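Chains as they are written, first to last, in our numbering: chain A, 751 to 993; chain B, 1144 to 1715.
Take these hints with a grain of salt, some might be off.
Here chain A is said to cover these stretches of chain B; the calculated rule only asks that three of the stretch's residues, wherever they fall, bring their Cβ under 8 Å from a Cβ of chain A [what the hints assert, rightly or not]: (1) 1185-1193; (2) 1380-1389; (3) 1453-1465.
If you want the footprint, here are the derived chain B segments under chain A, 3+ residues with CB under 8 Å [to be verified]: (4) 1238-1251; (5) 1622-1636.
Hints in this document: simulated from the structure, not taken from any laboratory. These numbers were taken from a predicted model, which means no experiment stands behind them. Don't be surprised by glycine CBs; every beta carbon is placed ideally from N, CA and C.
Given next are the chains, with one letter for each unit.
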Amino acid sequence: MAEVVLQVFRGDASGGTEKAYHVPLVTGMVVLDAIHYIQAHYDGDLACRWNCKAARCGSCSAEINGRPRLMCKARLDEFPDGPITVRPMKAFPLIKDLVTDVSWNYKVAQQIPAFTPADGEGPFIMYQQDVERAQEFRKCIECFLCQNVCHVLRDHAGKDAYFGPRSMVRIAAYEMHPMDTRSRTALLRGAAGVGYCNITKCCEELCPEHIHITDNAIIPLKERMADEYFDPLRAVLRLFAKR
Amino acid sequence: MLERFENYEYDVLIVGAGGAGLRAAIAASAAGARVALVTKSLLGKAHTVMAEGGIAAALGNVDPADNWQVHFCDTMRGGQMINDWRMVELFATEAPERVYELERWGALFDRTPEGKIMQRPFGAHTWRRLCHVGDRTGLELIRTLQERGVHQGLDVHMEVTLTRLLKDGERIAGAFGYRRENGRFIVFRAKAIVLATGGWGRVYKVTSNSWECTGDGVAMAYEAGAELMDMEMVQFHPTGMVWPPGVRGILVTEGVRGEGGILLNSEGERFMERYDPVKKDLSSRDVVARAIYREVEEGRGTPHGGAYLDITHRGPDFIKQKLPSMYDQFLSLADVDITREKMEVGPTIHYAMGGVRVAPETGATSLPGLYGAGEVTAGLHGANRLGGNSLSDLLVFGKRAGEAAAAYANGLATTPSLDEAEIEAESQRVVQPFESGGSENPYLLHEALQETMQEKAGIARTGELLEQGLQEILQLRERAGRMGVSGSRLFNPGWHMSIDVPFMLTVCEGIVRAAIARRESRGGHWRLDCPTQDPELGRLNYIVRKTPDGMEVTTAPIPPMREDLAALLTAK
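Based on the provided sequences and hints, a complete structural model is requested.
Structure below.
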């Protein structure tokens, strides 16, 4: 039977190393299947997160041959010349093996003001063409691969300055909801730090839900923020409003 | 003595953060209770995200003739009349308001040209009834509830597994568990608990369910003395992926048929016309699953043992708009472009109709202080669940259970006290696989159990197969006493599996014992040796409970249906 070799990172906060595993190949097998085989037959304590194995939940994020992606969507036959290295996401503190501490993402989510409709009654009348913009952002499965690959968060430890692409997508979903009445531009300019994004589109390239994170979420949010704060006319008006 | 553990105290503890748990938490919190939500995964990852096709509610947006009465009748007939009719009534009348509430909280459903919530046809629903967002409705539901919940001030304990419900005499006093991240023990003291732990599809080999669906909640409720009901009723969804082997079982949404997809056998025949000439491809799930099974058995299956599902006639633009996840799933995992090629599909385990027996209005179990909502409970769906009814189930009964649990907690004069000896004993039990030096591998025991359930308690059952299955389960139970795991308590999936396996064994024993007892075919329960429906048994639910002598199966008569509701079913 054909087999593949996986180099899987084993270790915890105190350090670690890659370990090679030989796994028999089954047609259509994905990296997550191989990880499960390793758990059942070699090392039962190999840690990874997963839930649905169907790219709906966004739990099994890892770096496969250096590229951040979902293990349930990475087919082994993509790598005919092996070996396949599987490492944890780099931008988050390591807990063990392929599991990282992603709690920061939930903490920033809590700081984003929720959907606030004008009219509490409903049912709402909204048209398909008006909901589609926000629907794109609602596709997010919170795999945090975009957060992982964002230069601000990954290379510059900027978690105290920028909420990251996932959060921009969440803010955009609220801001572009036809019934939302709240402005989040002060947050964008301040704690959420949208200005830190320099539009390299790395996040957009590897989004498993194909959300146009930069083009459709971040750039329009930057524009909203700029309109509000850097439009000279508005700046003057604000000056008077304060008096 | 308990300082070795993390200790928390709440009014209401919600176990499970899928749709039912989140809705219950929001309701209990809104009622003024101190609420904690415990989930085995990260928040927002629960199996609810896998719900694709939609949420059933008789809004009548595209078919004005629809109303709660028709939804009631469809659900009762789909469940083959062993449903709890009062639950079905509450469900059908309250589902529309729960959907509109979700919209007020920010959910963005697909729209009709008039700007209302769009509704699509689905199996055995008389009218177009399923509100949806493409084929990712469950994600929309869970994200909306999650965002509502985190801003409402409830504590969320992520990646915590509970292993035992704790009692003070005969009433609930709390629960014991551990943090998956570091293995640290946690003791929750709580006046009331809402179980929203979902189903147990992982006990079968070919399944659409995520790893979490191991039946913890139903097993813990059983151990604590609560009654279970209809455990024999397990749903085989007719359309799971069958090829390649690595993806076998992954769900293909019923929305494909809802949007016009048709089933074909290897001879190109639209075979559902023979099995259900009226509803055809949109017949109820039990009927379609059995039809596919029969076609394969009789030699008209596809190369990989399924049926073809064809949606190509709707054209690429429509398919990519209405079924984007399906398009992506087949293209990336099976190299099949569903806009140009047929899919291969076959039955996969999808849902548990049975579960903890609850009171229809409150979700109260037979144990004071213990409530349930969603898939973990029994009653609403009877012998077969209609597609789309689970998401509205979560909202309607999540809210009711959350409110009832909060009211119960508010009414307690004294906070129940914990039994420290019980906690001590449980903390020793769960670490036993580290210390026993046992030779049994928990992963391989789980695989063996899945084989047994697939072969002996699968879609086509006989008394003989079920008896064999029971013996195998009892042998596996004995082997499970010798499980051993290595490594530390730091995020150790092998150890976690050693805790899941006994839960699953309890669930399987319940399924098989109840399946042996129900000597007829009804809904998801198909006995080749008792192939017809027995009207006498249609007046009974099978009850499973723990006794000093082991698991006991008895029957309970279904109360006679209220006259006004019965009249709905006889009217034409």
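Inset, instruction - Sort out which numbered hints this structure fails and list those numbers smallest first. - result: 3
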